[in-house]
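Those protein sequences? They're chains F and R, same order as listed. Start counting the first sequence at 2; every next residue gets the next number (my numbering). Start counting the second sequence at -5; every next residue gets the next number (my numbering).
Certain hints may be false.
[Unchecked claim] Using C-beta positions, here's what the derived DEER-type ranges look like:
no.: 1; chain 1: F; residue 1: G638; chain 2: R; residue 2: T113; range: 24 to 30 Å
no.: 2; chain 1: R; residue 1: P65; chain 2: F; residue 2: R727; range: 35 to 41 Å
no.: 3; chain 1: F; residue 1: K447; chain 2: R; residue 2: P65; range: 57 to 63 Å
[Said to hold, decoys possible] Among the chain F residues that face chain R by a calculated CB cut under 8 Å, a handful are:
no.: 4; residue: E121
no.: 5; residue: C122
no.: 6; residue: F129
No lab work stands behind these hints: they were computed from the structure. All C-beta atoms in this analysis are idealised placements derived from N, C-alpha and C, irrespective of residue type, glycine included.
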Amino acid sequence: MTDYAPVDLERGEQVEFDLNGRRVHAPPGTMLVDAAHANGVEIPIFCYEPRIGPPLGACRMCLVEVEGMRGLQTACSTPVSQDMVVHTKSDLAVDGQDGVLELILANHPLDCPVCDKGGECPLQDRTFRFGPGDSRFLEHKRHFPKPLDLSSLIALDRERCISCFRCVRFSQEVAEDGLLTFQERGGDSEITTFTGGAYEGRFTGNIVDICPVGALTSIPYRFVARPWDVTNTESVCGTCPVGCNVELTTREGRVQRVSGREDPNWIHEEGWLCDKCRYAFPAAWSPDRLTTPLIRDGGTTREVSIEEAVAAASVLLARENARPGIVVGPEATVEEGFLAQKIAAASGDAPIQQLGIPAATLAPIRALPPAELADLDGAPLIVEVGGDPANQQAIVELRIRKALRHGARLVMVGSRPHALTGLGEWHETAPGQIAETVGRLADDIKGTEGVIFVWDEQSLAQEPDAVPVLAELMAEVENAKQLELGAHINGAGLRALGLPADGVLEAAEAGDIGTLVCLLADPLSAPGASRWDAALGKTGPLVVIATHASELTDAANVVIPASMATEHEGTLVSMNGRAQRLRPGQEPPDGAAPGWQILVAIAHRLHTDVARSPSTILRTAVTERSALTGLSYKEMGRLGMRLRRPSPASANGAHAPREPAGEGLRLVTTRRIFGDGFAARSDALEHVRQPADVVISPAEASRLGLEDGDRARLVSEHGECVLPVRVSEAHQDGVAFAAVGVPGAGVERLLPADDGPVRVQLSRA
Amino acid sequence: MNADQVNAYLAPLRDRYPESRALILPALKYAQTEKGWLDLEDLEAVAEATGLTSAYVESVASFYDRLYLRPTGRRIVSVCVTLSCMLRGSDQLYARLCDLEGLPPEGGTSEDGGVTIQTAQCLGYCDKAPCVQVDVDETEGPVLPDEAEEFLAKVRAAAQPTEVWR
Ligand code: SF4
Ligand code: FES
Ligand code: FES
């Protein structure tokens, strides 16, 4: 974290001013702290945190002398102006800074040797660089009982708090959860929640990153490591399609912490993370993590070495009449997807597919100019169509909140109420009616320039008739941009490789697949699970490359344990087309290997010539797949790069309005922020995870004779599952709402394989 | 108290305080007249009426000594502990008062709900140090430590004020 706001000294209007006797410049209105920082002068700060919003001036650490102004000024809240004369190191300024720091330290305990923040603590660092280095206070420091659990994830040590208000402002003004507050005053001030309950939400971990002292610490990281015995690796989150930049902190070979990594201009990230991204990493040690390669043969299961497992898989692929089929999951990297394609090609052009959403119908929207997250900041109007960003692409929620604070207007069209629906114009729409609602709003929207359209991949794939309506509207708005709320982690990357979202299933059902390879894919817990289940009865040997145990691995003939996103190199493409590098923060467990290594080994055994390192694999992929043109590890650098060419059009996808067959309520699905994938397997998130349920309106509940807390059986034409019922006033009639991805809940069994629209019948279970 | 009541009270004040944050204090003061302290419902009502978060309203309320977030006694005794009064033994007076009411050194409300004892900063009666204020009555002083018992008896005997702004 730099703590200071980005300042553009090159472009736009600049004012000149004197800084410690030097003539420098900065854009007018820039706060003095930032202008000085950009010009190489550090003014110490504690409360200033430009990402939160306007300065508060709570700590007084940033005092400087400005000629002609009475007394000392807080540089964090004083904008530069032409010919201002500023002294940050004059006797007067230094005296002010010394006094403030001495006062801040008057109550701060000297427990740095046992404090998690020690070594990366702004208070420690600035006490070292600024301040008198000594204290005149002889009085006792204040005492509070040692740390309090603010939640299951965050500990609060009130003695260390310097009352900077950063955490409170984050809660009130950035996450807008309204929970954190300061109570009492002076030496008795303390952080607490309004109700006295836990501080739980989707973004709570950020307050640990921004606390300038060790008052707020991460419980999973408490007493785990010191900054001087860790290594930090720049990587990408890999738990949702947004693709936030993260830093992995490793000690003794283990990732111990994930923290935010802002880009210098806040184009992609501001460094905020959601708690899913921050706390999913312990899934690496969950009890169901696969660590032993297995071969199952006629009723016997053998634990084998990974080489043996790879050899067995290769034999199954190469033997006569193998008729392989390959399914690639959403977590697979571009490199892994490409290798899988190579293996498919080498196996007599075997069918290969990803577990995604058929994309053809969405091409007209995807062809329009894509937005960066930062485009939301200044947007006059944001139109959100479908989706539930708070649960599926949480950082987008945070960025939309910021846009709203900047005065954006928010128009939302969709059927599922979500965290943002109360904050803008919510046009509740029955499933299947997006085209109509958007059509109705078009005239109103058209008049504004620079609208950002935020659209949900799954919702629009389900309603192909809405795509041309939306695409036309976007084309009519001047300088419109679109931001896709993608459904799958590396969905965009796999699309760029030209991986279709169907083919293997159909072939398997027709009895045309012998050996089935599932690469980081679990078709039994993906939409169409019931169809896959039946199809698996018609296929031959099953080879599964996976990170965690599942029904699928239990049924597999060869199980090859693979690495997680924190454990391998590779490229992920975010939902809005930004390719970024994953870098490993730890080794996969013994017995597991990075997916790309497993695939390279299989390819070699099949006598297919493939490159042997992620960077060279990517290089080959770039020459063979036009959508990846220009991509390389070097080009991606720290912050990634945007794919410049469109992904190949896939042949599949429905084009007509799709009215689901059968009777009953329309089913609308989302995910649970902490409920799927690695997050579902992380013990750190255990206490904030919400169980699966089906939500219906009171009218539907009484019609069906169901009450809150009942268990309901949901039956669609594809399959069935049982879920607890939640009755909600906020949800519309005629629809049942449920979350996919929650292990064991089985909602996927209700869905068609293309994640298309479906109806469900509910009855008491 | 509910938001409608607070809103009705604030209506004529809104022009005078164009910034909603400035309305918090009058609103809290008013909300407290109902029962002499503020519960969560009162804080939420003020939050709704001022358009600020409940947490923020609570934070403001907790800053002020005369806004109470816990039930108070029938009378509230505020003992000045600033310099002049302290030099004249207000700490002993305070300790004695707490002791007599069976309260811990940090004060609080007596078990029978009769009195709340708390400290206060300079009440502007330095010439009568050590001084004490009961509710919002005229400050009295000097009240010497060995007059504590007598003083409490007098406070307990007096009728509770009908208007509970504290
Ligand atoms: S807990 Fe940390 S961030 Fe919050 S006010 Fe205290 S010092 Fe600032
Ligand atoms: S940084 Fe300026 S007052 Fe805190
Ligand atoms: S010090 Fe007690 S009234 Fe002034």
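Hint-by-hint comparison with the structure:
no.	hint	result
1	F:G638 / R:T113: 24 to 30 Å	violated (60 Å)
2	R:P65 / F:R727: 35 to 41 Å	holds (36 Å)
3	F:K447 / R:P65: 57 to 63 Å	holds (58 Å)
4	E121	violated (29 Å)
5	C122	violated (26 Å)
6	F129	violated (32 Å)
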